[in-house]
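This note's numbering runs 634 ahead of the 1-based position in the sequence shown.
No lab work stands behind these hints, which were simulated from the structure alone.
Note that CB positions come from ideal geometry on N, CA and C, so glycine has one too.
The reader is advised that the hints may include incorrect statements.
In silico lysine-lysine, DSSO-like type, Cα no more than 30 angstroms apart, as pairs [what the hints assert, rightly or not]: (1) K677 to K705; (2) K937 to K677; (3) K705 to K821.
Now the in silico label distances, taken between C-beta atoms and shown as ranges [claimed, not checked]: (4) K726 to E762: 16 to 26 angstroms; (5) M765 to P721: 36 to 46 angstroms; (6) K821 to N732: 16 to 26 angstroms; (7) S968 to V842: 32 to 42 angstroms.
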Amino acid sequence: MTLKKRTLFFSIFTFISLFIVLWKQFNTTKLSLVNNTSDNRVKACYVVLVRNSELDGIIPTMRQIEDTFNKKYNYPYVFLNNEPFTPEFMDKVRSSTNSDVLFGEIDQSMWGYPDHINQTYAAERRKEMEMQGVPYGSSESYRHMCRFQSGFFFRHPLLDQFNYYWRLEPYVDYYCQINYDVFRFMKENRKKYGKDNIGFNMALKEHVETIPTLWDTVLNFTKSTYPHLLDRNDSLLRFITNDGGLTYNTCHAWSNFEIGDLSLWRSKEYLALFDHLDQSGGFFYERWGDAPVHTIAAVLLLKKHEIHFFNDIGYRHSDYTHCPVQQVYRTMCSCDPDISFGRTEKKQRKKN
Numbered sequence: 635m636t637l638k639k640r641t642l643f644f645s646i647f648t649f650i651s652l653f654i655v656l657w658k659q660f661n662t663t664k665l666s667l668v669n670n671t672s673d674n675r676v677k678a679c680y681v682v683l684v685r686n687s688e689l690d691g692i693i694p695t696m697r698q699i700e701d702t703f704n705k706k707y708n709y710p711y712v713f714l715n716n717e718p719f720t721p722e723f724m725d726k727v728r729s730s731t732n733s734d735v736l737f738g739e740i741d742q743s744m745w746g747y748p749d750h751i752n753q754t755y756a757a758e759r760r761k762e763m764e765m766q767g768v769p770y771g772s773s774e775s776y777r778h779m780c781r782f783q784s785g786f787f788f789r790h791p792l793l794d795q796f797n798y799y800w801r802l803e804p805y806v807d808y809y810c811q812i813n814y815d816v817f818r819f820m821k822e823n824r825k826k827y828g829k830d831n832i833g834f835n836m837a838l839k840e841h842v843e844t845i846p847t848l849w850d851t852v853l854n855f856t857k858s859t860y861p862h863l864l865d866r867n868d869s870l871l872r873f874i875t876n877d878g879g880l881t882y883n884t885c886h887a888w889s890n891f892e893i894g895d896l897s898l899w900r901s902k903e904y905l906a907l908f909d910h911l912d913q914s915g916g917f918f919y920e921r922w923g924d925a926p927v928h929t930i931a932a933v934l935l936l937k938k939h940e941i942h943f944f945n946d947i948g949y950r951h952s953d954y955t956h957c958p959v960q961q962v963y964r965t966m967c968s969c970d971p972d973i974s975f976g977r978t979e980k981k982q983r984k985k986n
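Kindly generate the complete structure, drawing on both the sequences and the hints.
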């Protein structure tokens, strides 16, 4: 072999050897990054209860969540529906995120009428509430939805693998860049229930016609099963009652934006409370919403420090907006703090 050939052979051998070493190193690094991401992420997901007809409402919400938060963390989505999702719906949802997406159907045990409900009487009550002009008073599906969100979403098999959730709904806007992992924040700070400032700080009130017996039903449960719940000094009881627990002042936090620890709803205390409420028939004979049910349960079952208010997350649902007013958030949010719920209310009161 000539010197020229030996030199060429050696160069090729060196190049191949170097390529193999670098390739192994690249794959090791890539695997390490993937493992680190997997290890650092909390077992959490977005939970989206949505109908096929609401596709145009959920896609913009997803894109905002991706732009403001999830493109950095890639948490999966769990989509739930009481009917099968259409191929078009699933394709468009998947194309809106790089994260995993799971689609599940809700069976009759979670969405239908329980055996103890008198459906004839339930229909009569819906008619009465419609005549009274109660919002969603005539809606059968709304009642199924509220019951599902109150007692079953966390029991759907697709959520078994998760410990935390972020509830997303269609036609909701998110305005602020979120530069930290909210799920890890919840876990490391032992927070069980996270809300926006709409409701807890501004005291939204439920339509009293929809929940005339809710508080009495809760009191019957606490007195017979957990009497200490109304006597704790470390709760936010004062938020939901003005007289030490005798009556409910109807204040609640909207559940359209909700980040939580699923162990709260899976706890034996909450399951017992929900079963008691469910057996009373109030979800169908009245129109109990999941927002007051969740609010009351969180206040009764959690300590103050286990509830967190996400003041830094700008959010809009329907006519209500929360936009952080602190200067530190202004460069991270695209909303106008002057239209934030509470500020507009105060301005209106000053005018009057």
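Verification of the hints:
Taking the CA atoms of K677 and K705, the gap is about 17 angstroms. The hint holds against a cut of 30 angstroms. Taken as a hint, the K937 and K677 pair is honoured in the structure, with Cα atoms around 23 angstroms apart against an allowance of 30 angstroms. A hinted pair counts as satisfied when its Cα atoms are at most 30 angstroms apart, and K705 with K821 qualifies at roughly 20 angstroms. With their beta carbons about 40 angstroms apart, K726 and E762 fall outside the hinted range of 16 to 26 angstroms.
Taken as a hint, the range 36 to 46 angstroms holds for the pair M765 and P721, whose Cβ atoms sit roughly 41 angstroms apart. The given range of 16 to 26 angstroms is respected by K821 and N732, whose C-beta atoms sit roughly 23 angstroms from each other. Against the hinted window of 32 to 42 angstroms, the Cβ-Cβ separation of S968 and V842 comes to about 36 angstroms, which satisfies the hint.
In this structure, only the earlier hint numbered 4 is contradicted, and the remaining ones agree with it.
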